[in-house]
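Protein chains: 2
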Amino acid sequence: MAGTRTRQAHGNETREFILATAERLFAEHGVAAVSNRQISEAAGQANNFAVGYHFGTKADLVLAIVRRHAPALEQRRAAMLAAIADSTDLRDWIACLVRPPTEHLESLGSPSWYARFIAQATTDPVLRKVVIDETVASPSMQATIAGLTRLMPILPAEVREERSDMSRQLIVHVCAERERALHEGTPTPRATWKAAEVGLLDALLGLWQAPFTSTD
Amino acid sequence: MAGTRTRQAHGNETREFILATAERLFAEHGVAAVSNRQISEAAGQANNFAVGYHFGTKADLVLAIVRRHAPALEQRRAAMLAAIADSTDLRDWIACLVRPPTEHLESLGSPSWYARFIAQATTDPVLRKVVIDETVASPSMQATIAGLTRLMPILPAEVREERSDMSRQLIVHVCAERERALHEGTPTPRATWKAAEVGLLDALLGLWQAPFTSTD
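These protein sequences, in sequence, are chains A and B.
The first sequence stops at residue 218 when you use this note's numbering, and every number in between is there.
The second sequence stops at residue 218 when you use this note's numbering, and every number in between is there.
Same chains, same label: a pair holds when it works inside one copy or across any pair of copies.
Derived SDA-like pairs (lysine to any residue); straight-line CA-CA distance at most 20 Å:
1. K131 x P189
2. K131 x H185
3. K196 x P213
4. K196 x R93
Just so you know, the hints here were simulated from the structure itself, not pulled from any lab data.
Kindly produce the complete structure, drawing on both the sequences and the hints.
Quick look at the structure:
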């Protein structure tokens with residue numbers, strides 16, 4: 003029994019190390035540019051098929067990295083939703099989009115790779131849909147989208163969809179560019195993750211409240 | 003003389019075909035994922051070093067693709083700037099950011115690759131700075147940024163910088179996701195490039211006019 007537990011513990015450590023290595027390599031080079039073999043080698047696996055053995059296809063591996071962070075994000079967003087209850091302040095609901103990733107990134111410290119990994123994965127022609135669908139499908143994200151929809155009944159469906167896409171794009175790429183700048187030691191518009199969160203909140207509040215021109 | 007001209011014409015055609023092939027491959031797979039050798043092969047060059055021979059390094063090749071589109075964008079933006087003169091309507095100045103790329107993409111027809119190429123190039127860890135600097139440095143872009151700065155004197159420098167970055171990120175990724183959806187035949191929030199332009203204009207106007215929270 004002890005032997006089984008030890009082997010399982012080793013297996014879990016190996017899986018964790020492969021996931022961390024893959025996240026870094028994908029963040030640095032893009033999802034399509036990195037092979038399972040390169041990840042196995044960078045993770046110090048003697049067997050070049052280690053990634054395939056532990057995770058299956060590249061889509062499975064990318065989803066496993068997404069799911070490595072999902073519980074932390076889900077927990078933060080669920081707590082925020084419970085706290086705002088049925089708030090009618092749009093800023094509260096937009097904060098449920100913005101703060102979970104910015105606080106998660108702050109908690110990871112620098113260098114983190116998660117923001118750049120998400121930027122690469124959501125720009126990948128093959129895997130972007132899998133990653134976006136997985137993220138949007140979480141219970142707390144569904145509740146946040148429902149809250150935004152309740153507060154914005156005036157927006158036609160296509161404008162709401164468009165502004166949802168824009169919110170995702172802004173959050174993903176602002177965080178990715180900030181994470182890279184912190185890592186490379188280049189200047190950032192805002193000094194801290196908290197300040198970057200405030201900047202995103204201000205901007206997205208303006209974006210969601212902007213008058214719209216119908217183009218039907 | 004006629005022979006020289008023909009050889010030059012052939013050389014130009016080869017260069018053009020290599021550029022178009024590289025743009026498509028970078029857009030599909032990411033800049034880091036595609037080697038000069040793969041581009042040479044896909045462009046039907048018997049010599050695997052054709053890309054290096056014609057363009058030098060990958061950074062040179064990426065810049066050559068950017069510069070293939072730059073005159074068309076520059077011409078549209080310069081004409082818009084001349085037409086709005088010293089307008090004090092913020093929407094006019096934001097239109098100078100948005101309309102040149104959306105009209106250019108419309109003129110390319112589908113499938114185009116330019117929007118996805120720019121999204122990939124500006125997400126690439128190595129080449130992103132080269133591409134962003136090249137784009138921002140154009141005379142019409144400098145005049146547009148100066149116009150926005152004149153109209154937004156109330157914004158602290160870091161908020162203006164942050165919102166400039168956000169404008170770029172939104173325009174790049176909205177256009178890239180729309181270009182991909184058109185190519186793949188999947189739904190888009192707006193029916194036409196003109197309508198997508200209007201959606202971006204509305205959203206960016208709200209973003210730039212949003213009240214800001216100082217975090218100094």
